[in-house]
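*Asks:* Generate coordinates for the entire structure from the input sequences, incorporating the hints supplied.
Take 653 as the starting number for the sequence shown in the numbering used here and just add one per residue.
These are computed hints drawn from the structure, not numbers from a lab. Keep in mind it's a predicted model, so treat the numbers as computed, not measured. In this text, a Cβ means the ideal position worked out from N, Cα and C, and glycines have one as well. A couple of the hints might just be wrong.
Between beta-carbon pairs, the in silico distance windows are [unchecked claim]: (1) Gln764 with Ser718: 40 to 46 Å; (2) Ser785 with Gln764: 33 to 39 Å; (3) Pro1024 with Leu806: 43 to 49 Å; (4) Leu828 with Glu868: 26 to 32 Å; (5) Glu745 with Asp867: 36 to 42 Å.
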Amino acid sequence: MSLSKISSLLLLPLLVIMLSGPFIVLLLAVQTEPAVTNAPALTSNEISRVEQLLLKSAPQSPSARSEQNLQLNADELNLLLSYSINMTRLSPEWAAVLTLADNTVNTKLTFQLVDGWIPLYLNFGVNLILNDSLLVLDKLVVGKLQVPNGLLELASTSMRSYLDGENKTYQNFSELIANVDQISVIQDRIYVTLQWDPILISRISEQAQQLFISDEDQQRIMEHYRLISEIAAAIPANLRAVSLNTFLVPMFTAANEKSKSGSDPIAENRTLFQTLAIYVNRENISQLLGETLAKEMQPAKYIEVRLKRRQDLAQHLVSIAAITASVGADFAQLLSTTKEAYDARYRSGFSFSDLTANTVGVYLASYSTQDPATAIEMQKRLATLQTESDYMPEVGDNRDGISESDFAAIYSDRNSPEYQRRLADIQALIKTRALFQGLD
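*Replies:* This is the structure in structure tokens:
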């Protein structure tokens, strides 16, 4: 037998191994059973617990630098994790659960690849350990395949090196990590001490917001903002404030015209609320567009916008409408009630007037982004508003400024029948408004 034939025979098994390697890795990684199953929908009691955890974790003065001390057990972390997965609409494809032990955080994640006769899953096992008061990746398992530590270190180093010079989001995230002074994991509880930096948190929030705004939506936002500038410029100089309707009517008139020309009505309405919230709250349009595109926009002349003669009600309604249109009603409602609980504890007190404006904002944005037909119908209705009472009930009889202790004395907590009846009354009153008739 010639040397060339012998070489060919020797190389054949090696070639087979090389070609089948990716297939073998795939077989080891993909599984037919999930490591983690989807948790059921959160109950009202669990959502109330999420509100309390957010309230407990919030700094007393969010606009000031301060040291924050947080502690959570595994049950609380899993509750927040489950809520986050649902809120970001990763469920049912994604599921996750974590466990805590001394100096260790173990996480199991499942991603559903195929949902059919033979479902297929990618199961991940992530082991984090404490190293110099920070959690670092110790082990990664995908299915039955453990990723070699050398490969993990190489990938991690390369990614950090690339992002450190090219990615502002990563730079801000690195700065956030640097603000963590201490992490400890003792039994089933994690303790974190960090420096709260409101400027950094604001930058990260803006960048996160921009990640979910497409190029097409950025163009819509720019068009909405130009219209806001035109509306504001036409308002007489002697007027100190105007009704929210001054902006809603012409903006939804324009949105409806764009929808007639083929633009996506849901996207038009979503970006309208986002842009209007920036203006009403006197914030910078760069929050939505980024610095580069924002430089192309002439800042709109600002005039105070009111609802029922109150600036705060206009701000509440439009802000919650923007959040609802962006991430959904569930998160907006959670944020609304948590904000009122925060006010009851640290600020002016719990306000049913604010909660009413928030709820109107949820209804406005939910219908305006429900489906194309309802979105167009809402454009038509908002373009022909006659008065603020078309969508906003009177709030003069509400009891506001309720302290946390007074709230507990009256309603016990936000799961009590008394409080739930009060919410139901507010929702029923809103549904009687002309704008919302015949939409369900």
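*Asks:* Run every hint past the structure and note whether it holds.
*Replies:* For each hint, the structure was consulted:
The hint said 40 to 46 Å for the Cβ distance between Gln764 and Ser718, and at roughly 41 Å that hint holds. Remark: the range hint 33 to 39 Å for Ser785 to Gln764 is upheld by a beta-carbon distance near 36 Å. With their beta carbons about 48 Å apart, Pro1024 and Leu806 fall inside the hinted range of 43 to 49 Å. The supplied range of 26 to 32 Å is met by Leu828 and Glu868, whose beta-carbon atoms lie about 30 Å from each other.
The beta-carbon spacing between Glu745 and Asp867, approximately 26 Å, falls outside the hinted interval of 36 to 42 Å.
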